[in-house]
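Since the structure of chain A is already known, use the hints to place chains B and C on it.
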Amino acid sequence: MNSILTINDVKKSFDGIDALNGASFDVEKGKITGLIGPNGAGKTTLFNTITGFISPESGSIKFEGEELIGKPPYEITRKGLARTFQITRSLDKMTVMDNLLLAPREQTGESVIWPIITPGKVEEEEIEVREMAMDILEFFNLDEHKDEYAGSLSGGQKKLLELARVLMIEPKMVLLDEAFAGVNPSLSNKLVDYIKHLRDDHEISFLLIEHDIPLIMEVCEDIIVMAKGEVIARGKPKEIKNNQKVLDAYLGVVHDE
Amino acid sequence: MLQLILNGLITGSIIALGAIGLSMIYDILGLVNFAHGDFMTFGGYLTFFISLTFLRPISFIPLTYDLLLSAILAIIGVGLFSILLDKIIWKKLRKKGAGTVTLLITAIGIALALRNGIVFIWGSGTISLGIPISQAIEIFGLKITFFEIISILVAITLMLLLDFLLKNTKIGKAMRALSDNQSLASITGINVDKIISYTWFLGGAYAATGGILYGLITSFRPDMGWILLLPIFAAVILGSIGNVYGAMVGGLIIGLAQETSLVFIGSRYKIAVSFLLLIIVLLVKPEGIFGGK
Amino acid sequence: MILPSLVNYFIYIGIIIGIYGLFALGLNLEWGFTGILNFGHVAFMGIAAYTMAILNIAGLNLFISIIIGIALSIVAGVLIGAPTLKLRGDYLAIVTIAFSEIIRYFYINEGWLTGGAGGLSNFNQLLGFLPSQYKQIGFLIVTLALLGIVYVFLEKLINSPWGRVLKSIREDEEVSKALGKNIYKYKIQSLAIGSGIAGIAGILQAFNNYLVLPSSYKPLITFYAWIIVVLGGSANNKGSLVGAIIFVAFFESTRFLPLGDVRVGSLRMIIIGLLLILLMLFRPQGILGNKEELKLDI
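Protein chains in written order, with numbering that gives the first Met the number 0: chain A, 0 to 256; chain B, 0 to 292; chain C, 0 to 297.
In case anyone wonders, no lab produced these hints; they're calculated from the structure.
Warning: the hint list may mix true and false statements.
Calculated cross-link-like contacts (lysine to aspartate or glutamate; reagent style DMTMM-like; alpha-carbon spacing at most 20 Å) [claimed, not checked]:
| id | chain 1 | residue 1 | chain 2 | residue 2 |
| --- | --- | --- | --- | --- |
| 1 | A | K78 | A | E105 |
| 2 | C | K155 | A | E123 |
| 3 | B | K95 | A | D91 |
| 4 | A | K157 | C | D171 |
Here chain A stands alone, though its shape is the one from the complex (with noise of 0.2 Å):
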């Protein structure tokens, strides 16, 4: 199979308790996967490791053939690695169209000398990039809002926002940490259905961790499920919904809780 990411034998703790231990799999190029387990599996541990917000203690994690590990936060999603957070993270003091303009990857008119010496260049680039976000805004039915303040949107428009923040990444792959967590779902449908045009259309690769089981068994073609920070199993929905050792993985956690 063709692998986008590459995840081997990642290691990491916080004061002796072992969060990650040893996870181990690879992503398909082009597909839906769904990350799952029970609480306290390591999830986002595992989503924050692989954007470089925690350095593992050992492991290897490779992007398109490329280690990630050591690499700073903003050198990976330049890579064309995205993410969103478990907790929506809007800008909310900048205006929506402000945080969609902020996304894209290596424009001229960030750094701190072009925006004084070629303000021409800068600008051509700017009306890109706002057309651009114009587009994902219509997409996400958000065009109406984009000179609003982001904080004004509800909770639901805020995770279409921050999707629509990351497309403007241009992303390879986007990790997404609970899109779903809270949304209605008339809006969830409609983020589903996003999420498989975008699959579709741009050939983008989605990495999602979710709670909602019958939901990713719906969306994802392939799902990894993970307890106490190692991958306990791999399959097809049909194949995890049947396997034992999800089941216990699963149960154990209901009976502590």
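For chains B and C alone, kept in the frame of chain A given last:
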């Protein structure tokens, strides 16, 4: 060298008295209290004011008791003043959920108003309590003055007292609980506002004590507390924020470092030494020598 | 005879406003737009002024001395920022104030270089070639021209994609990182530019006073800049200018109170202190600040 170490202990115990309150307030309220040094100054000037205005006219009180009584009243006064400021300013900001910068700027506002209030009333020069300059006595070849001995004794007593309060009284235990986990503390039925008031009182009172002692062994000037503030910050951070024992040890270390640095770089950079130490600690081990949370 | 001296007085006030305006604009870039808690801003003012004075007295051309002075302020900004900008905000505030005090002790103690507590005064005047009756007005024009240039420069930068990144850092560093921005680099750039602007203000102040003195670089002066920025409204360059005008007007209008220098000085600071407290309690966004856009707390 021994003399310098002794001097370091004296300065250090005064810095420690300031550091204790600053550390507790920083920890519980997330407030970098830039006015803390001026609380110290205020303690000194309040003593001066009480003594000259109320006690001296009653001539039958001997000078020593006069001083002691004024000092105690001033210490309580600054403690109450700290609570008052909490009620009229800090509490409102807490309710609004104000963060680091709002608190910082407010503290600077209080510092400026307080220090200049003192200048406005008592002038910008030094003031005198009208006590004869105490002669240094010699013990084992080390020179020490009466007030310096008092400073060390008072500081040690107050530190032991605080230790006792924190470990053995209900309020002390509640303070520690609050410092460990604020939201948990309020769930468990601790009256957070009340504990904060006690913390302010203690912080203010200890600062005032430090200020009075510092004034007695040097001189009372409107900027005396402000000058001590950065060494106090250094002590607090060195000893790990929120750790009162750390603040005590930090204070002593800073005091010793300042005084013994005379041997190596002369007196001109005495105060700068603590600033440098502060910067080094923050760059190398920002959580302080006693770890932290 | 009254009229010319009154005119001169207003020229003088205009110069002071220009200097404080510049000084505050530098801080506003760092704090207002980037969220950097620089409490040692005055140090960068002093570094430029002392460098200029020392080099010029040593015989270097005045113009080159000025350029080197400002350049050194910028370099100092980078050198201070590099190790400290990763610290928590309140720690950064304490480190920078300590740095500015260490520098001031250096000026006081290294008299062979800095003239000690008496400072330096034997440097050339900026407009020494002008006939004396035009010097003041000439200097006002230079000051306001520099203020205008810096203002336009900052407005351009703030409204560019570069400024957009700064605002995102002020608001949420993690998001900014996740969107591929090297926030550390931006913070250093912001501190460097802010320090350079403080350097320009410092040099103008030196020429205006015919003197550089250690006591001109006390932490209080940094607080003045904070007061101006907060009063006018953080993250608003116009606000910094309005703040500077109000601040200087307040200072000058209280000058003639019949209370004696010490009392007037302290009364002023009492009022400023109380004003800061009231501002934080009731209008933290300042006069021109935008409540929606202001994020006073980081």
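Here is what the structure says about each hint:
{"no.": "1", "hint": "A/K78 / A/E105", "in the structure": "holds, 11 Å"}
{"no.": "2", "hint": "C/K155 / A/E123", "in the structure": "holds, 15 Å"}
{"no.": "3", "hint": "B/K95 / A/D91", "in the structure": "holds, 18 Å"}
{"no.": "4", "hint": "A/K157 / C/D171", "in the structure": "holds, 15 Å"}
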